[in-house]
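S.K.: Sequence:
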Amino acid sequence: MIKNTVLLYIISFLILLTIFSGCIEGSFEKTDTVLMKLDSKENIQWTSVFENNDYNIPRSYAPGPSQFMQTLDNGYFIVSVLRNSSMGNYLRILKTDCKGNIVFNKQIPGQTRTIETLLAIVERDDRGYSIFWKDGHVDNFNASGTMQTGINIPDDLHLIGGATYPEMFVSSVFTTSNGNICAVLTGGGFNIMQKPVLIAGISQNGTLLSKRPDDMINIAGATDILATNDGGFLIGKFYYYHTEGGQKILIEKTDANNTQIWNTTLLKCNYTLCKPNDLIGMHENSAGYDIIYLSRKHGNFTSDDLEGIVRTRFDINGQVQKKEFLKNISELPLWLFKGGSSLEFPSLINESIRLSMTHDKNQKINCVSLLKTGDGGYALLGTRYYYGWL
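Its first residue numbered 1, the sequence shown is counted upward by one per residue in full-length UniProt numbering.
Just so you know, these hints were derived from the structure itself, not from any lab. Quick reminder that beta carbons are idealized off the backbone N, C-alpha and C, glycines included. Watch out, some of these pointers could steer you wrong.
Within a straight-line C-alpha distance of at most 30 Å, the following computed DSS-like cross-link-like pairs (lysine-lysine) qualify [what the hints assert, rightly or not]: (1) 338 x 361; (2) 99 x 323; (3) 248 x 364; (4) 361 x 41; (5) 323 x 338; (6) 338 x 327; (7) 99 x 41; (8) 364 x 41; (9) 248 x 361; (10) 106 x 322; (11) 248 x 41; (12) 322 x 99.
Each pair of labels, with its calculated beta carbon distance range [unchecked claim]: (13) 352 x 113: 42 to 48 Å; (14) 146 x 319: 45 to 51 Å; (15) 265 x 146: 31 to 37 Å; (16) 126 x 174: 39 to 45 Å; (17) 104 x 355: 53 to 59 Å.
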């Protein structure tokens, strides 16, 4: 009898939990994707709204954040992972002109990845597009949005030289001076890297051209890796340091022989607060290196408060030339958006602008992605939720 009573309570609790979860997660009526263009002074120039076909879908299946890039014709290429009852999970690619008018809108069913695993969007010389996912898969599209033959870099690596490799992930992607694409692959996972390390050369049409193994490089604890012009690497590492009971983000520079030539600690923080993805971006320029990261309060064991977003510039010898806290989106460098938009800077976006992406109290905006545009302005992309019960 007691067992039956306990079981009844458990079942009742689960039913109530399901009901309340439904009220919370399934309460919106629909969602739209909103694209907004701002000028250099953050004045709104125009807004475009794209309907998401996700009516009557529980919130757990609502769209996650979208990513986008500015195209060579000053339009926008948007990548989303959506879901509806007829198609299940599907990839949507949407191209607009410079005023936000739709040029094409393609939907590809059977999508198994999430937008969080999107690494970079590249527009090729032929005006086609390549979407790089962290698992090494590359989706290719022509200039009209028609899907072309994709590649899976880890699967194809053994075709060059005959060697086979364990599961690998793409850690960074950049375009070389000859117009080809270079991808750095490592073992491990999306956050912490392990050996082996491979440099894969990919042609503009998506063909794997070459690979260069760098197994001698020490990437223990690495979260970010950038191949530099001298044949070496700039490596961001996430370390535990037990002497002070915390963690630190370390930057190392190696030469073409995999020899470390300098290293420096970016920040130290409490072991409960630092996160592997606190290092946002690294960039090489003629003067040295540019690094952007999140700085957290050291010694605060109860709060996740950020000190801010920091930009530090190093010379080629690893000496700090300038360190500054970024206070607004105008201070973000253009290189940070070469691979597409970023979700890392919600605190820098003016709240009144965010609210302008909705029309009334029955709507909320979420998952706002930021892009700095070639004209010195900005573009925002977010998901608008419609709540009929407010």
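S.K.: If a hint holds in the structure, say so; if it does not, say that too.
M.R.: Now the hints, each set against the structure:
1. With a C-alpha separation of about 35 Å, the suggested pair residue 338 and residue 361 falls outside the 30 Å cut-off, and the hint is violated.
2. A C-alpha spacing of about 37 Å is found between residue 99 and residue 323, which places the hinted pair above 30 Å, so the restraint is violated.
3. For the given pair, residue 248 sits about 37 Å from residue 364 by alpha-carbon distance, which is inconsistent with the 30 Å threshold.
4. As the CA atoms of residue 361 and residue 41 are separated by approximately 27 Å, the hinted pair is consistent with the 30 Å bound.
5. Of the supplied pair hints, the one linking residue 323 and residue 338 holds, its CA atoms being roughly 22 Å apart against a limit of 30 Å.
6. Only pairs whose Cα atoms come within 30 Å are accepted, and residue 338 paired with residue 327 is accepted, the gap being roughly 21 Å.
7. The straight-line distance between the Cα atoms of residue 99 and residue 41 is roughly 18 Å, inside the 30 Å bound, and the hint therefore holds.
8. Proposed proximity of residue 364 and residue 41 is supported: the alpha carbons are some 24 Å apart, at most 30 Å.
9. Taking the CA atoms of residue 248 and residue 361, the gap is about 43 Å. The hint is violated against a cut of 30 Å.
10. Restraint check for residue 106 and residue 322: the C-alpha separation of about 44 Å exceeds 30 Å, so the hint is violated.
11. Distance hint between residue 248 and residue 41 is unfulfilled; the C-alpha atoms sit about 36 Å from each other, more than 30 Å.
12. At roughly 37 Å between alpha-carbon atoms, residue 322 and residue 99 are farther apart than 30 Å, so this suggested pair is violated.
13. A beta carbon spacing of about 34 Å between residue 352 and residue 113 contradicts the range 42 to 48 Å that was offered as a hint.
14. Taken as a hint, the range 45 to 51 Å holds for the pair residue 146 and residue 319, whose Cβ atoms sit roughly 50 Å apart.
15. For the hinted restraint 31 to 37 Å between residue 265 and residue 146, the CB-CB distance of approximately 48 Å leaves it violated.
16. Distance hint check: the CB atoms of residue 126 and residue 174 are about 19 Å apart, inconsistent with the given range 39 to 45 Å.
17. Checked against the given bound of 53 to 59 Å, the beta carbons of residue 104 and residue 355, roughly 30 Å apart, lie outside it.
Consistency with the previously given hints fails for numbers 1, 2, 3, 9, 10, 11, 12, 13, 15, 16 and 17, ordered from lowest to highest.
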